[in-house]
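My request is simple: use the sequences and hints to build the entire structure.
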Amino acid sequence: MKTLRILLVDDHAGFINAAMRHLRKLEWVDVVGSANNGIQAIAQCEALRPDVVLMDLAMPEMGGLQATRLIKAQDNPPFVVIASHFDDSEHREHAARAGADAFVSKLSYIHDVLELLERIAGEGAPSVLDPAPAGSAG
Amino acid sequence: MSESRILLLDQDAQRAERVATLLEFMDFSPRIADAADIDLKKARASDWVAVVVGDTEGDAGFDGFAQWLSSQSLHPPLMVLPGHEGADWRQQLHPESVWTLDYPIRRTQLQEALRRASLKRIDEDERRTTAEGDNGPTGRSPAVRKLTQMLDQVAPFDTTVLILGESGTGKEVAARAIHQRSKRAGKPFVAINCGAIPADLLESELFGHEKGAFTGALTQRKGRFEMAEGGTLLLDEIGDMPMAMQVKLLRVLQERTFERVGGTQTMQCDVRVIAATHRNLETHIAEGKFREDLFYRLNVFPIEMPALRERADDLPDLIAAIARQLTDSGRGSVKLAPDAVQALRHYAWPGNVRELSNLLERLSVLHPSGQVTADDLPARYRAGLPDTPVAAMPESPVAAAAAAAAPDPATLSPNTTLPPEGIDLRGHMAEIEVELIRAALQQADGVVAHAAPLLGLRRTTLVEKLRKYGFDRDES
Chain A
268 MKTLRILLVD
278 DHAGFINAAM
288 RHLRKLEWVD
298 VVGSANNGIQ
308 AIAQCEALRP
318 DVVLMDLAMP
328 EMGGLQATRL
338 IKAQDNPPFV
348 VIASHFDDSE
358 HREHAARAGA
368 DAFVSKLSYI
378 HDVLELLERI
388 AGEGAPSVLD
398 PAPAGSAG
Chain B
1393 MSESRILLLD
1403 QDAQRAERVA
1413 TLLEFMDFSP
1423 RIADAADIDL
1433 KKARASDWVA
1443 VVVGDTEGDA
1453 GFDGFAQWLS
1463 SQSLHPPLMV
1473 LPGHEGADWR
1483 QQLHPESVWT
1493 LDYPIRRTQL
1503 QEALRRASLK
1513 RIDEDERRTT
1523 AEGDNGPTGR
1533 SPAVRKLTQM
1543 LDQVAPFDTT
1553 VLILGESGTG
1563 KEVAARAIHQ
1573 RSKRAGKPFV
1583 AINCGAIPAD
1593 LLESELFGHE
1603 KGAFTGALTQ
1613 RKGRFEMAEG
1623 GTLLLDEIGD
1633 MPMAMQVKLL
1643 RVLQERTFER
1653 VGGTQTMQCD
1663 VRVIAATHRN
1673 LETHIAEGKF
1683 REDLFYRLNV
1693 FPIEMPALRE
1703 RADDLPDLIA
1713 AIARQLTDSG
1723 RGSVKLAPDA
1733 VQALRHYAWP
1743 GNVRELSNLL
1753 ERLSVLHPSG
1763 QVTADDLPAR
1773 YRAGLPDTPV
1783 AAMPESPVAA
1793 AAAAAAPDPA
1803 TLSPNTTLPP
1813 EGIDLRGHMA
1823 EIEVELIRAA
1833 LQQADGVVAH
1843 AAPLLGLRRT
1853 TLVEKLRKYG
1863 FDRDES
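Protein chains in written order, with my numbering: chain A, 268 to 405; chain B, 1393 to 1868.
Since the hints were derived computationally from the structure, they do not count as laboratory data.
Some clues are possibly wrong.
Pairwise CB distance ranges, derived in the manner of DEER restraints [stated by the list, open to error]:
{"#": "1", "chain 1": "B", "residue 1": "G1762", "chain 2": "A", "residue 2": "A285", "range": "19 to 27 Å"}
{"#": "2", "chain 1": "A", "residue 1": "A280", "chain 2": "B", "residue 2": "R1436", "range": "44 to 52 Å"}
{"#": "3", "chain 1": "B", "residue 1": "R1410", "chain 2": "A", "residue 2": "A285", "range": "35 to 43 Å"}
{"#": "4", "chain 1": "A", "residue 1": "R386", "chain 2": "B", "residue 2": "Q1660", "range": "44 to 52 Å"}
{"#": "5", "chain 1": "B", "residue 1": "Y1495", "chain 2": "A", "residue 2": "S375", "range": "23 to 31 Å"}
{"#": "6", "chain 1": "B", "residue 1": "Q1835", "chain 2": "A", "residue 2": "L381", "range": "49 to 57 Å"}
{"#": "7", "chain 1": "B", "residue 1": "E1647", "chain 2": "A", "residue 2": "G281", "range": "18 to 26 Å"}
{"#": "8", "chain 1": "B", "residue 1": "T1649", "chain 2": "A", "residue 2": "A280", "range": "47 to 55 Å"}
{"#": "9", "chain 1": "A", "residue 1": "R386", "chain 2": "B", "residue 2": "G1862", "range": "23 to 31 Å"}
{"#": "10", "chain 1": "A", "residue 1": "A280", "chain 2": "B", "residue 2": "A1405", "range": "23 to 31 Å"}
{"#": "11", "chain 1": "B", "residue 1": "F1606", "chain 2": "A", "residue 2": "E382", "range": "20 to 28 Å"}
A short, non-exhaustive set of chain B residues, derived as facing chain A with CB atoms under 10 Å [as the list claims (entries may be wrong)]:
{"#": "12", "residue": "T1413"}
{"#": "13", "residue": "M1418"}
{"#": "14", "residue": "Q1503"}
{"#": "15", "residue": "I1514"}
{"#": "16", "residue": "D1517"}
{"#": "17", "residue": "N1750"}
{"#": "18", "residue": "L1755"}
{"#": "19", "residue": "A1771"}
Every residue gets a Cβ at the ideal spot worked out from N, C-alpha and C, and that includes glycine.
Encoded structure:
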């Protein structure tokens, strides 16, 4: 399993700390940094070049959707996961439009994120928004 | 975009604390304040996703605050706790942006109000980001002039329109322009991306559902057809609509009636439908993924959106328009040096206008003041510059390789001259595409994720093309 370099983005310090505690237990995960709004996230992605960004949807200054769009404009952009308190088709639709590769509900955050990270680490970087996630041609 | 801050105006301190705790738990950032303490000269209505209004008696600043809000073109909704029925300040604000909350707080009501506020905010932000707004496409190139002419031609009639074109070419901008120039302009414009919604939810999204229609249908809900009543509905990515839904859509188009999921009552609808897709629907029909009868229903007036690389002359106009929009919406400013614009003219723009818009917005964040030169551009945008010496090429090997492999169609295919008997353009383009994909896969040792950037494609797009052209593991 390859090591995944992860950037955590959330405006609540408590949330970042909790996520950090869970992710630290995994030896194939390396949390390379954190940011508490979208603007910082863009700069951090440019500087740290993470493999995966776990991005909060709602944040002050710049939220997760706008940040995702702008991060996806960089060279070899990371895999971006939007985490939202609201999980409905409209929020998912907006995340997909912004260019996010995956969407998780904050209500089942750790469970969904771990499942996703395991898959990414195992297969390269399949988009879970693919109709049929394919490692077939890779 | 997707703001988390909520302003909480309540002189009842105990209640304010209680509501704040609840909001924090729901992933928002509440700020308890007196309206009098808000500096209206510095504040922006977009600083909050919602304003919760409790007891404002004795808050000297509240009336002024309400007045200020009403003067803002897009302001967050006010979620009003009991006690303001018939209050004077309510007259200043549009009733659609004043929502009521019960107290004691009901979790489901608050949750739903916040969900709506979140979507309202995202929608408004997305509108602001659409570089071209409702004014239609920007530019003076022949391709844009022809496009504008077609939009004007079809707008006044209720004709179904099919908008085709690559991702990011502004299909929604075109659809909005049609709506704005039609007699439906005063009615809602509703868009839905059929590809982004799970197949099993699409029907209820389009047609709504009755309470209890399926697990999770706790309340009755309107679908997008109902929301668009009297106006225009854009069915984006129609090529991704499952076959089962295509039948239902066909019926609505033919009979102008539908039923909510779980409902028995037949509803009439008066909605102009515009469909859009980046896919080739004829190929989809041949593959059995799209209904031919639906295609003919939709294909009454097809409009092909030009790719940005086919109208590079519009770049300066587009850059100016997007920069103006960024400044106007307070999202920063960006100024490009001539060498940067020159570099961008040589780029192939696989993501079209949307990609340009994202790039400029990114530059305005990373270079908030000062001029952006070609060197400040991400590597792939510099790769096409013909006079850049290879030694000065960017550190990224992928981008450098992309430059080396930059396709000059003339060298890749001997048939770029039109034979007297003509050619099958689609088939011909497909062959060129297959050749380039094969070359990229070879260069990337068959790793799709590495081949995609060589072609300026997203990995998912390449995977899709591989599937479309029937590449299998051995070949790649």
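Here is how each hint holds up against the structure:
no.	hint	result
1	B:G1762 x A:A285: 19 to 27 Å	violated (39 Å)
2	A:A280 x B:R1436: 44 to 52 Å	violated (25 Å)
3	B:R1410 x A:A285: 35 to 43 Å	violated (23 Å)
4	A:R386 x B:Q1660: 44 to 52 Å	holds (46 Å)
5	B:Y1495 x A:S375: 23 to 31 Å	holds (30 Å)
6	B:Q1835 x A:L381: 49 to 57 Å	violated (35 Å)
7	B:E1647 x A:G281: 18 to 26 Å	violated (54 Å)
8	B:T1649 x A:A280: 47 to 55 Å	holds (53 Å)
9	A:R386 x B:G1862: 23 to 31 Å	holds (26 Å)
10	A:A280 x B:A1405: 23 to 31 Å	holds (25 Å)
11	B:F1606 x A:E382: 20 to 28 Å	holds (25 Å)
12	T1413	violated (13 Å)
13	M1418	holds (6 Å)
14	Q1503	holds (8 Å)
15	I1514	holds (5 Å)
16	D1517	holds (7 Å)
17	N1750	holds (4 Å)
18	L1755	holds (9 Å)
19	A1771	holds (5 Å)
Comparing the model with each numbered hint stated earlier shows that hints 1, 2, 3, 6, 7 and 12 do not hold.
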